[in-house]
Every structure is written in C-alpha cells, then in structure tokens.
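Engineer: From first to last, the protein sequence lines are chains A, B, C and D.
Every letter in the first sequence is one number past the one before it in our numbering, and letter 27, counting from 1, is 27.
Every letter in the second sequence is one number past the one before it in our numbering, and letter 456, counting from 1, is 1456.
Every letter in the third sequence is one number past the one before it in our numbering, and letter 199, counting from 1, is 2199.
Every letter in the fourth sequence is one number past the one before it in our numbering, and letter 291, counting from 1, is 3291.
In short, the hints are calculated from the structure, not lab data.
Check before you lean on any hint, since a few could be wrong.
Result set (DSBU-like, lysine-lysine): computed pairs, CA atoms no more than 30 Å apart in a straight line [as the list claims (entries may be wrong)]:
(1) A:K156 x A:K190
(2) D:K3276 x B:K1051
(3) B:K1391 x D:K3276
(4) A:K32 x A:K232
Sample of chain B residues lacking proximity to chain C, with all beta carbon distances greater than 10 Å (derived) [stated by the list, open to error]:
(5) A1005
(6) G1025
(7) D1027
(8) V1180
(9) R1207
(10) R1226
(11) D1232
(12) R1311
(13) E1370
(14) G1428
Each residue gets a CB set at the ideal place from its N, CA and C atoms; glycine is no exception.
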Amino acid sequence: AQGKKAIIGVSIPSATHGFMGGLNWHAQETIKRLKATYPNLDFVLATAGAVGKQVNDIEDMMATRNIDALVVLPFESEPLTSPVKAVKEAGKWVTVVDRGLSQAGIEDLYVAGDNTAFGRVAGEYFKANLKSGQKIVVLRGIPTTLDNERVDAFKKAIEGSGIEILDMQHGNWNRDKAFSVMQDYLSKHKQIDAVWAADDDMAVGVLEAISQAGRQKEMWVVGGAGMKEIVKRIMDKDPQLPVDVTYPPALISTALEITALRFVSDTPVYGRFIIGSTLITPENAARFYFPNSPF
Amino acid sequence: MSVVAPVLELAGVRKSFGPIEILHGIDFALHAGEVHALIGENGAGKSTIMKILGGFIAPSAGEVRLDGRPAPYHSGAEAEAAGVVVIHQEFNLAPDLTVAENIYLGREIGRVFLDHRAMRAGTQALLDELDSPIRPEARIRDLPVSDRQMVEIAKALSRKARVLIMDEPSAVLTSREVEVLFRQIERLRAQGVALLYTSHRLEEVTRLADRVTVLRDGAVVRRALRGELTEDGMATAMVGRDLEDIYPRKRHHPGEAVLEVRNFCVPPLVADVSFALRRGEVLGISGLVGSGRTELAEGLVGLRPATGEIRRNGVPVAIGSVREAAARGMAYLTEDRKERGLLLDKNLRENLTLSTLARFGAPFLSAAREEAALGKAIADFDIRAPRRDMKVGNLSGGNQQKLLLAKTLLGDPEIVIIDEPTRGIDVGTKSQIYAFIDALAAEGKSVIVISSDMPEILGLSDRVLVMRHGRLAGELAGERISETAVVRLVMGTAEDAAGNAHHV
Amino acid sequence: MSDATLRPATGLHLPGLSALGPLLALILLVVLGAFLNDNFLSAGNVTNVLARSAFIGMIAVGMTFVITSGGLDLSVGSMAAFIAGVMILAMNALLPGMGVGVPLVLAGMAIALAVGLLAGLGNGLLVTKARIEPFIVTLGTMGIFRSLVTWLADGGTISLDFGVRQFYRPVYYSGLFGVAWPILVFAAVAIAGQIAMRHTRFGRYCEAIGSNDKVALYSAVNVDRIRLLTYVLLGLLVGLATIMYVPRLGSASGSTGMLWELEAIAAVIIGGTALKGGYGRVWGTVVGVLILSLIDNILNLADLVSPYLNGAIQGVIIVLAVVLQRGKSAA
Amino acid sequence: MSDATLRPATGLHLPGLSALGPLLALILLVVLGAFLNDNFLSAGNVTNVLARSAFIGMIAVGMTFVITSGGLDLSVGSMAAFIAGVMILAMNALLPGMGVGVPLVLAGMAIALAVGLLAGLGNGLLVTKARIEPFIVTLGTMGIFRSLVTWLADGGTISLDFGVRQFYRPVYYSGLFGVAWPILVFAAVAIAGQIAMRHTRFGRYCEAIGSNDKVALYSAVNVDRIRLLTYVLLGLLVGLATIMYVPRLGSASGSTGMLWELEAIAAVIIGGTALKGGYGRVWGTVVGVLILSLIDNILNLADLVSPYLNGAIQGVIIVLAVVLQRGKSAA
Ligand SMILES: Nc1ncnc2c1ncn2[C@@H]1O[C@H](COP(=O)(O)OP(=O)(O)OP(=O)(O)O)[C@@H](O)[C@H]1O
Ligand SMILES: Nc1ncnc2c1ncn2[C@@H]1O[C@H](COP(=O)(O)OP(=O)(O)OP(=O)(O)O)[C@@H](O)[C@H]1O
Ligand SMILES: [Mg+2]
Ligand SMILES: [Mg+2]
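For reference, chain A alone in the conformation it holds in the complex (with noise of 0.2 Å):
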C-alpha cells in the first residue's frame, strides 16, 4: 500500500467537555503531523455533537469523499454498530477507538481506554486509602453506559472495605453541575473525607465548591482522565488531590499513528490496543504533564 494516495476519515465527538475538548485537540495535532509527514496521506475529520450526526457524518464520508479508512470514536456504541458495519462491508479500513461496537470483529484495529480500570484504580487507591467507615461522595458523568461500567468497576473495588458512599448524583462531567452538585453534597454531609469525582472537569468544580465551605481540610478528591492543572497540582503534591487516574485523550493519536503506518508500510498493525488507567502520583505525574494541550 505505501506510496498510494490514500484518505482517512475520522470521525469524533465534537469538543463538548474537557475529555473530548483534549481528544479533539490532539487529532488534529496528530492529523496535523501525519500530513506533514506522508504526503500521500489525506485526512477528513468530522465532529459530531449527537449520534444521529455522527452516523450522518460516516455516511457522507463514504458518499462523497471516497475515504480508504475509517478512524471512529463512536458517540455511543449501539447505534454506531451497523453504520460502521456499513463502511467495513464496503470493504474499507475501520479502526475503531475507546469504545467498542456492539458486535465483535466488525473492526480491523482497536485502541481504548480501559473504562473498567479506570473505575478499579480509583476505587483501590479509595480501599487502601480509607478505613472502614468513612465516608466518600461520588459524582457520575451524563448517563451512558461508559459511566455505568466505570461506576460498577468503582463500587466491586471498594466492595468489603466497609467505605460508606453517601451519595451519587450525575455531574455531567461539568464543571458547574459538579458544583452545584458539591455544594449540596456539602450541605446535607456533615461528614465526607473523600470524594470520587471520576473526571477532571468536575474535580475542578468539586474543589472550588470545597474550599467555598472552607473544608479543604477534610476530605481529598479524585478525579480521572488526566487534565494538565490536575496534573501539575498533584505533582506540587496538593494534599487535595492525591492522585489522579488517567485516561488519556491522546489515545485518538495512537488509534492515528497506527492506521496511518497501514497505508504507508506493510507493518502488520490488525488487533486491539488496550491503553491500560494507571495512577498518577506526585511521583511519576511530570510523565502525564502536557502544558501545550488545552486539556
């Protein structure tokens, strides 16, 4: 294949909270890159802010611009199953990133995140980090199923540690909900010493309304993905914030580094990349520290 003109779709959540703002950001970097560095390589990106769009989007791709390969970050899995099924049958590359379709085999290629890791990390570090009977709050993202399987792998971790969790309300992963949603927590639990946030964005909003209470002092917030301010908070060892789980955006620029080699080398690059969650600690956090990235 190397030589040969070739076009990759990409298609990819449109930039609606930080994860997505970061995964956004290092496509097109990444996009950015690997034109410079295979001529031969053409890229068509699509972002979508709904699964009806995301499908449309697919559909135009395959109309219109004669695309070789399909690089997918599906809005949701279910209904992006047979679009994506679709462009496969057509005979087409389909690389397929973080979550997965609902059938197997459709892809060729596919590199996530680990969403059940991501869920098992944080809640160990809470299993080890607490004593039985303590108190923890957690705020959930926009419901979906990604949410409900980091939520389950959350609540089996700490499952016998005798770690009482109060409340779970959904964040969105936003920074103001998070907020409010903090505040209340604040409000109605007089006693809270930890605090899973599950995403960055909303452990922003969680610390602001913490500090707002004046209770910094009791209790420490986790939150997840990896977002750059977190990073080098944990990395200036804020006692706030232990820890932090990644789950790195630029597991979109591995998912494209990887469908590029295909059409540019006859590297054999068919199977699934698991990009496992991992701590952060103030220890190895300048490995996870991207100042130039906006997330």
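With chain A's structure known, arrange chains B, C and D with the ligands on it following the hints.
Structural biologist: Using the frame of chain A, we list chains B, C and D with the ligands on its own:
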C-alpha cells in the same frame, strides 16, 4: 304588527361584570319582518344586550327566549345554528385568513377536501350583491376598516338568519355603502327576518326602524313604534335632556398657513396633492372609501413613505415618523382604533398616556400625574368606564373612541388630523366633541377632519377638500360648502351626482 | 379604470414571490454543494441526505400544524427517544413469544404509534384542558420523557435484539424503485400535510385558531379539539419518525433525539410559517428541513479551517437563508 | 355608574391574587425542602442556592424585557460562554502589562460588558433592521457564539491565570454584610428591572410593543429602538452575569452556559410573563428563577429512587407550579 309573537326576546335580563351591574332587568322582543332599533348613549348596554341575544355571553339573571321557549343555545356558534346571527361592533374576523376563508369559516363547502372554487364563487356572489369590489382572496389584515365591515356584513348575510342582530354596522361605512346595507336590510325584512339594529346616526333609525327601544344606563327608558319619535325626541330620551343644534354655529377667522403641502404623493394611491392649512381653521376632507384620505394623513405624519414638500410655518420639514410629526406639533387620530389606536389588553391610564409618556415624569413615571390626566380626560370627554383599571377592550365602542380622542389631544398638538372623529359616538357626546374641535380652532390650533359623515363635514368645516382616486378633486370654502357641491366632487360627475345628493 | 384605482395595493402581489425565498436558499445551497464536491449530486449522497432528513422532516410537518394553530412543542426530541425506548423494550419482550418476523415488527410499529399518540394526547390535554402555556407543558414533558428513557435504559442504551434488528433494518435501508423507505414515507407525510393544511377543514381551522382563537370559537370551530388534534397528530408523526429511526440505529438512550425539537421548530420557521401562528406552510417546512440537513452535508464536503467553527458557519447560513427570504419578500 | 367612573384604580382585585401563584409554588417548595432536609434553610445552603441563581437570574431579568416586547433570545447561554472566553483571554493577555490588581479586573469587567453590549446589539440589529424572526436570528447567533468559544478554547478550556483568579475570586465568594456579591448584584438587577418595567417609559413601551406594535408605532413610540434596546440590555446583563461567573470557576469552555437560554426563558414564563409579549413581570421572573434552582437543590438534598428520574420530577414540578398559578388566577 304587534300581534305577531316575538321570535327572540329577553325577559328580566340582568348582567354584571364582576361587582358592577350593567343591565338592570331588560324586557325586550324582536318580531319577524320588523326592524327593531336599539339606541342609547355610549356604554348604555346595547352591545351587551346584543351579545346576550346572540348567545355570546350569558345573562346573570333573567332569560333569553327563542320562539317563546328558553333559548337552546349556549354559545354564539350554537345560536348561529339556531338562526340567530350577530354582526359585532368589534370585528370578528381572523386577520390572517382571506375574505372567502372568513366568510365560510366553520361551515366550509366540500366533503373531505375543501371546494375552494365554490367558496370563492359564493363569496364573489355575496360581495357582488353588496356592490363591493373586495376580492375574495384578499387577506383581512390588508383591508381597510370599511372593507372589513363589509366582509362582516357579507358573512352575516351568508348565514341565512332568522334573526339578524347588527351592532353599529354603518359606523365605519360611507354613505354609498350604507345604502347598499339598507337595501339588504329591507330585503331581509320583506323575507320575514327579525332584525335588530343599532346606530348613533338617528336619521338611519328614523328611516329603518319599525320599533325603537331607548336604553339609558342599562335600563329601558322608552319604547316607541315607527313615527312616534322624532330624531330630537330620540336624542332627548337617550341623553335625558334636550339637545341644541349639535354643530357649533360660528365660523372661525383663519390666520396664516401653518402647514403647506405640495405635490404630495403617498404611493401607490395618493398622488400630487397640494393644499394649505391655516391657523385656527377646521379643514374637512371628504371622499369615498378608498379615495386615499387615510393614506394622505398617514403619509403626512410619517407613517407611510411619501414624497413631496411639507412646510411647517413656512419652513420645509421632513417627517419620517410619528415622533417627528409629534415634535412638529402634529398628531393623527387613526380610523382603526382596535388595530392601530388602542392597546385593548391594557387599562385606560396606560392607553391615554402612551404617546405622550415623556410628559409624565423622567426617569420615573408619576402614577399620580397619569391618574390626574386620566381623571381630566374622563371628565372632558365623558368617558364612561365602570372602573378605571379595566382593560380598554372591555369599554363600549364609543367610550373607546372617546379615549382615543383624549389620547390624541393629550399632547396639545397644534395640528390635529382626525380620521373619522365620531365613529360610534352617541349624539350627546358628539356635540361635546364638536364643541371641543371648535374650541381648538378658536384657540388657534388647526384641525383636519377626515369624515365619511356628510353632515359632520358640512357642519364642522371652514373649508372642505374632496379626494377622489387619490387626488384632490376640488376645494370648497365658505358659502360654497353645500351637500350638493361636495357630493358632486366626491362622485366626480357633475350632473347625475346632483341627483344623488339627497340620498347621501 | 374606476374599480382598479379605487382598490389600492391588493392586486397582483408579493406572497407568490416571497414564498420562493426559502426555495431560493435551498437552490443556492445545492449549487454550492455541487460546486464543492463532484459526488454531491450522486444518487448515494442525495439518498443519504433525504433519508436522514426524514425523521426531523416528519416531525417538522406535525410541528407546522402545532405552530400554525398558535402552539409549540419542545418535547418532540425526548418523545422520540422515549418512544424508541419503549418500542425496543416491547419488541425484545415480545420476541420470545412471536419470533422474528413481520408480526413482531408490525407490533413494534403499532406500539410506537400508540405511545406517540398517548404522548401527544398528554401534551394536548395539558394545553387545552389545564390551560397551561404550551411552552411550559412541553418543557415539562421534555424533561419527563428524557428522564424516563434514561431510567428505562438504566443510564445506558436500550438495544434491539440483534436478530430482530437484521430483519427490521431494510425499513430504513431499502426502498421501492430505488427510493429509500424513509424518503417515501417522508414524501407521503409532506404531501398529506400540505393537502391537510390547504385543502381540509383541519388545516383551515388551525390557521383560524392561530390567527384569532376567539373568532374561530365564534365561528363554531371546536378550538380545543383542533388544538388537541394538532398535538396528537404531532405525537403520531413522532411515532412514525421513530419507526423509521429504530431500524437505522437499533437503539435508544438518554441522548437519542437530542435537540430535535429545536431543529424541527427552526425548519418550520425557516419555511415561512409564523411563530405566532395563523399562517402555516407545509412545503416551506420541507424546504426548511432540507436546508438544515444540506448545511450539515455541505460542511462535511468541504474542508474547513477548523471543525470547531462548524456551528458558526451553520448559524450564518441559517440567518442568511432567512435574510434571502425576507429580502425577496421586501422586493 | 358615574361614581364608579370616578373611583381611581384600586388594588383589591384578581390580578393581585393570581400574581401570587408562582410565589405560592415557591413557598411550597421551600416548605418541602425544609421538610426533607434540616440543612435546607441553613445560611450556607440558602447562600448557595441564591448565588447559583444569580447568573440565570440576571439573564432572565433581561429576557423578561425581550419577551415582553414580543422578542426572544436563544443565544444567551452561548453568549455567556463567548463573553467569558473573551474576557479571560483578554485578562490573561493584559496581565503582563498591568499585573494582578484592581485595574486588571476592572478592565476584564469592562471588556465583558462591552462584548455583551456588542453581542446584544448584533442580535438586535438583525431583528430590527434585517427584520428576521428573533427565533432564527438568535438560533443562528447561538451556534455562532458557541462555536467561537470552542474555537478560541481550541476545543478545551480557557482558564484564567492562577494569580488573577485568586485575586478575582472574592467577587463570587465574598460579599457585603455576609451576603454574597452575586446575590447582591442579582437583587440590584431585579429591583432595577422591576422599577424599569413598572415605572419607566422603557418598560411601558416594551409592554405596548409586545401588546400591539402597530398601536405603539401609531403612538409615537420608536418601536425599533426600544426593541433594539431590549436586546442590548439583555446582552449587557449577560455580560454582567459573566462577570460574576468567571471568578467562580475561573474558566470557560464550549460547554459553559449550556441550556441557560432554556432555563432563563422558562423562568420568565413560569413567572407569569406572556410568551407572546405584552405583559412582563420582573419579580415573577425572579420567583421563576428561584423555583428552578430550588428544584435542583431539593433533588440533590433528597434521596430519590433513582437519579435518572431527576429530570422527570423537575418536569412535573415545573408544570405543577404553573398549574398552581393558573388555578389561583382562575379562582
Ligand atoms: N367584559 C366586560 N367587563 C367589564 N365591563 C364590561 C365588559 N363588557 C362590557 N362592559 C361594560 O358594560 C357597559 C356596556 O357596554 P356596551 O358595550 O354594551 O355599551 P354600548 O351601549 O354598546 O355602547 P357603545 O354605544 O359605546 O357601543 C360599558 O360600561 C362597558 O364598559
Ligand atoms: N394593502 C393594504 N395593506 C394594509 N393596509 C391597507 C392596505 N390598503 C389600505 N390599507 C389601509 O386602509 C385604510 C383606508 O384606506 P383607504 O384607501 O380606504 O383610504 P380612505 O380614503 O381613508 O378611506 P376611508 O373612507 O375608509 O377612510 C388605511 O388605514 C390604510 O392604511
Ligand atoms: Mg356598543
Ligand atoms: Mg380612511
């Protein structure tokens, strides 16, 4: 006549809105083949009676009887199905629909699909019968008030009524259209329809009515048969006192020109109008409906794009909006009080002061000053409102008109253009308004009166302009102002117009 | 001469021309698309654009009646999600008993229509009987439907059984004489809607009520019933749209149909129907829907400076399309 | 009758009672909240709820004027995000030159107000000069602002420099006599709004235009200017809201202010202002805003069956609040 059993009657009907009783025990009957006229001052309760008869509102006490039995209807629509049809004082037309669509609203022709052609043809036939050039597919919104009234009439006529109730149908019509209406009324009377008619033009009552009932403050004060009451007698019965000649007798002594208009055009109709208005003068403008008088006036006060020259006190001015006109001391009273004159959902105070709000305090409005102005307006114009804080839409038609006059004059304009000043106003108040206009002129203000009411034009004006097809057809002054002369100019034909004169 | 001059400005007038406004915008968009990409006018792309317009399209046709009669419905997007959720759950539940086949699909369709009808009825009754502003009623039911479907899905996605899915798929993807089903159904709905608006009492009464409900009431129009009917009709059309939507994606979740209400209302207004009611133009709505989906399509055809600016360009085109229309009518 | 005629306006009639509708709903919610949770009436919680309401509240007060005069503005949420983005970028850019301090904050505030004014002016001019339906104009600008802020943020978040942030924070978190600044500013805006609506020409003209713009035009009201002013005022208030919002979290992104427009419009309508215009009630709007944020607060404080159903309960309460109001006014 009186041996015939009544078709529709009221027995001991009372009506209250909130704590205030408007009708105090009305007994009243309509007979087949008769025109019954209901007259009374503004706010006496005429329209309320008509709405009760037509099933639109329920009496608080008493009974409506149809053919001697309690009326079987509880809504206007049901009443219509029972053959009782009302032409409302306020328009009852959907502004976004066409003439044909309105006329057939609620009883369209066609089974599954509408038969547009049949409805259009039916509408055309009705309009032809009324001698009206309105197009069936014109939207109501685009029609002048007089045309809307003709559509109302056409709509009512198409209903095949046993009882036809007409609430001031002639108020917005010109004499020619009134003639057409009368022909229809006479035809229906001959067919045995029971008719109820209201008008503040007593000569119409004299001409049409077989029976007259006079209402004062919600009670019947006089019943009479044809010929028993003169116009003066009616007026006296209505108002409760004798009325002098309602027009002011003395003529004014006009000063210098305060407004000169040259080659004035208001597209598409009005073209090349030139005239001058002098200080202390009442200038009447006459013409047929659609002759462009309203367009001319609206052009003058900046409501329509216009070309030509306007000089105010000899200085050329450009007037692009009502505000600019107001700044130059000019005010215009619209003929369309419901759509352009008053905010029907707002109370009296807010309506009265709307165009002169800047005078009532800045930055904060002074409610006390507004109330004081309202008090004065109520007294000056004899506005009869059960309560001051009511919606203007619930005022009687004549009282709305009085409020609109008060509103227009509140800003003390030097030049007032009044389009149909006394539309729907009772005789008693009319004379007050004429006296008011007279006083304005005497004070050195200038007044332009646009009117379709010939006696009004003749009785008020120092000078008369006549418009035809958007152009000035002529000017009459002093002794030359006569009905014959005006009509001749209005019609545009010298000789046969004279023959028509006594009909107008 | 006399008659003609007596009647000002009512003769050969503008509506005919102004009505062409949105159509002109549509044509310009098509030209732009064809200019940007050779495949734009290919059968495949045209089918895609038309078929995907179908959901919003059917809903927007229903919305035209609601808005024309002076109402509004913000709940349609969530209603679609809710109907899809219930329909899928019901089909999955019926599957063991009925097996994959036409009866199951028909049962699912019947359920979708029934739920749509009931949802519309609910909105309509709250508006006409409880006399609450349509804005508030449907804002409330918007939250309710959305939240119910999230709850039914337990926060995740409700998926149609895979076998049923395969069987049901052709309802979106295949068609008759080479025209996809959603396009055919949308066309049928649009034509029926246009006829209903112009040539039946129902449409006439919608306009009359939106223009002045008191006049309509005085003219023996059953105002409440017609209003109720518009919401019920809209509910049914949302059900119908869902019937075409489910085979496309085979699932429903809390984010299904997000912002459809805004898109449907926008299509109606772009098409020339007055937001305050009184005047409805079904074919204008169809043009409006096509304009909106063409904008998306064209944005995908061109390579923009930044995908972040899609929304801005979309906004500019929407406003321009309407300027064009107003410009024409002012001319 | 003549007696009645001379009697000046008195207060003791129905409007007074019906106006209490939303207030009643608010009181019921407060009682419910106090019953569900002891901390509900604590100073901390009350401050939280009021301060959170402040942004939407100020915007809703502006929206009341827009809606009263027969307009609509769907763009306010994105406008807030856009203003916040520009303000933060400008402050960061000015920082090296000006250093952390009052001048920098004042410069940021001035920029926020200026951008708000220009944004409102843009909407207003498109509505009044280009004569496009407000719905379409602001739907368009909604997309434009939202997309511009995402673009400015490069898809991510625009954050205020940490030092500036620390300095600016008290504008949200601290206050005067124990009352937080946002609450004070909101109260000031509400009172000024109420006075403007009831006791100035501007408010009177807004109602007149919304009631019948033709009558207003014939009554020497500068209809276009007043309409334009309502949008400009709203833009300024969005700017003011942003000034209070930025110190809270110190950031702006594409998701800032999402759905604020819907919440603001809902607050206005719940408060008793007519969506069709002609009648505005600023204090009702304030009550509406408080109702909406209390619902959220109570849902967070109470332990519900499932958080998925929050939206449904919210919807039901909104509708009930309005039923209560209508019920009262019918009484
Ligand atoms: N809905 C209402 N609410 C309160 N008052 C009302 C209402 N409708 C009518 N009125 C009052 O009832 C009285 C009678 O009004 P009506 O319209 O019957 O008078 P009218 O005799 O027709 O007068 P006009 O000659 O001016 O038309 C008026 O004082 C009017 O203000
Ligand atoms: N096409 C139209 N659209 C809107 N309004 C119209 C139109 N044509 C006429 N009008 C309105 O109709 C009213 C009367 O116009 P018309 O041509 O009948 O003038 P007129 O000579 O004053 O007649 P009238 O005797 O009724 O006063 C004016 O207020 C005018 O604004
Ligand atoms: Mg009357
Ligand atoms: Mg006229």
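Engineer: Determine for every hint whether it applies to the structure shown.
Structural biologist: Now for the hints, and whether the structure bears them out:
A hinted pair counts as satisfied when its Cα atoms are at most 30 Å apart, and K156 of chain A with K190 of chain A qualifies at roughly 26 Å. Pair hint K3276 of chain D plus K1051 of chain B holds up; C-alpha atoms about 28 Å apart against a cutoff of 30 Å. A C-alpha spacing of about 18 Å is found between K1391 of chain B and K3276 of chain D, which places the hinted pair at or below 30 Å, so the restraint holds. Distance hint between K32 of chain A and K232 of chain A is fulfilled; the C-alpha atoms sit about 27 Å from each other, no more than 30 Å.
Look at A1005 of chain B: its CB is around 28 Å from the nearest CB on chain C, clear of 10 Å, so calling it non-interface holds up. Chain C leaves G1025 of chain B outside its interface by the beta-carbon criterion, the shortest separation being 27 Å against a cut-off of 10 Å. Annotated as non-interface, D1027 of chain B keeps its C-beta farther than 10 Å from every C-beta of chain C; the closest such distance is 27 Å. The beta carbon of V1180 of chain B sits about 15 Å from the closest Cβ of chain C, which is more than 10 Å, so the claim that it is off the interface holds.
No beta-carbon of chain C is positioned within 10 Å of the beta-carbon of R1207 of chain B; the least distance is around 27 Å. Non-interface call for R1226 of chain B relative to chain C: holds, since the shortest CB-CB distance, roughly 32 Å, exceeds 10 Å. Every CB of chain C is more than 10 Å from the CB of D1232 of chain B (nearest about 37 Å), matching its label as outside the interface. Residue-level check passed: R1311 of chain B sits 27 Å from the nearest beta carbon of chain C, beyond 10 Å.
Annotated as non-interface, E1370 of chain B keeps its C-beta farther than 10 Å from every C-beta of chain C; the closest such distance is 30 Å. Residue placement check: G1428 of chain B keeps its beta carbon more than 10 Å from all beta carbons of chain C (closest about 31 Å).
Violated hints: none; the structure is consistent with every hint.
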